[in-house]
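Q: Residues per chain are reported as follows:
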Amino acid sequence: MKIIVPVQLVPDLVEELVVDGSGTALDRDSLRWKISEPDDHAIEQAILLKEKGGGEVIVLALGLEGVEDVLFTAAAKGADKLIKLTGDFEGGFNAHAMARAFLPIVKESQPDLVLTGVQTHNGMDGAVGALLAEYLEAPYVGYISGISLAGGKATLRKDYPGGLRAEMEVTLPAVLGISSAESAPRYVPISKVRLVMKTGKIEDRDAGGFDPGGAASVRRMFPPEVTERATMIGGSAEEVAAKLAEIIKEQGLI
Amino acid sequence: MNQDIFVVIEHVRGQVADISYVALAQAQALVKETGGKIIALLLGSDASGISWDSFAIQARNLAADSAWTFDHVALGEFTSEAYGKTLAGVIKEKPPRAVLLGDTTVGAELAGLLSARLGLPLITSCMNIAGGTYTCKICGGKMMVSGDLPMETVLVAMIPGGFKVEQGKSDKAPEVTNLPVRDLGGLKVAFKQYIEPEAGDVDIATQKVLVGVGRGIERQDNMELAKELAEALGGAVCASRPVVDQGWLPTTRLVGKSGKTIKPKLYIALGISGAPEHTEAVTGSEMIIAVNKDPAAPIFEMAKYGAEVDMLDLMPALSEAIRKVKGG
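Just so you know, the protein sequences line up as chains D and A, in that order. According to the working numbering, the first sequence is numbered sequentially starting from 2. According to the working numbering, the second sequence is numbered sequentially starting from 18.
So that you can see chain D by itself, here it is in the shape it has in the complex:
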């Protein structure tokens, strides 16, 4: 079983988000990149499948700042091969561009399964997995929270709206969009990641230029205009608690 996991880095939302001088994108210098959470789950799911049934896990990511940490952490968890995409992405990239950039590497790897995070919080032109599946002419199922493999097919647990889940079956090779792995992404101590950094290898691949076609052009990026805001209650936790208890009582809720 060969599994390839193309992952994306996204701005860490814990940091303050600043719009750059162009007014159409986030200021790259003031943000910190981290692995997109569903992609972290996609890596975990790939490792879980490898542990159960054997195989090879390839993790692939764009060469943004912090990508080495992401890739070596994946190796410390059990990924076998790491690939970093280089190229001219200073002009920006989107899901369509990423899917096209991942395509040749995914194609030549001839995987049985492609696992991707089902969405990124900063995307506005679709999921890389769905796009990649179409370019590969492979089936796609998204919002997956469980996979079992048997006889060239995968049985999937898919999230439907309203908290409903369904069992689906897909013929491999297939691309799957992961919401969450069967268990939470494992923790690896930083010492283990450092060890892998010393011995591990990242293969660089040139993606050339990025073709963003398929997304709408952006005229303006801005923080939401706040029209309404909560009445803020100040003080210590005890003071806040006492005031909230009064409010809840006044509303007749207790």
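Honestly, the hints are just simulated from the structure, not real lab data. Everything hinted at is true.
Under 10 Å between C-beta atoms, here's a sample of chain A residues computed to sit facing chain D: (1) 128; (2) 153; (3) 156; (4) 312.
Short derived list, chain D residues pointing at chain A, Cβ under 8 Å: (5) 135; (6) 144; (7) 185; (8) 238; (9) 249.
Yeah, the Cβ is synthetic: ideal placement off N, Cα and C, and Gly gets one too.
Since the structure of chain D is already known, use the hints to place chain A on it.
A: Same frame as chain D, now just chain A:
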């Protein structure tokens, strides 16, 4: 291309999704500006019995000029493959100005597939289109993006927030036309069955008081504090995605895009930032109290009361205060 707007109607077990009415309301606003007709696309299977009948009844209140139905056994339940093939066919044949879908676990899957297959531009997380300008909410609700609507046929996956569900309903039933479904052989994706939630758990969709916990809960041990608070209030605990992903609460307690929609009288959101995936499912709450250490957390924009304290300090204090007020 004409100015018509296609709206893909989502349905699960015969129930039309609220987001489809939101999309119809958006379509109404668009045709007011540019003309054209609204065409609701209904995919399903007569063979699925009850769900199709119930669906047909609900189709009568869709705020659309026409409803085009596609009836095929492979369309009985959603799969992006069979739905994608059918929709790609009709979009190619009669290219509209825009195709509106829900940015949901169903619509988002379809939207990406259609964009790549048909080479059409796609806008997701879209709240509103007005005056030829689209507006999206991204980065967990902390950033907005706007731009010109592409000139060609555009695919748009809508999130709630721009329009009300009621705006997408009408007393006048659309004119229904049944269209043939072609070429659904050799499918590689099959729907097998719905997985019923474990019986016996609380149904958070019907609770009057809910204590919601997010990433700020930090550790599993701290879940006890949330349970204690919910107990003091006579309510139940629910959570956003990160908490359920950790396995600290079952998926039946998940609130958001892949979880349930809640409508309690009181929702206390603790350590929840307020990403659209969560907030879209809590807007029906009568009163929201938000507690978060981050003053920029978008949850404060929808809450009635807020406090910038650590939820871990607040939970035991509030449980105590509630018990005191109740006792007094």
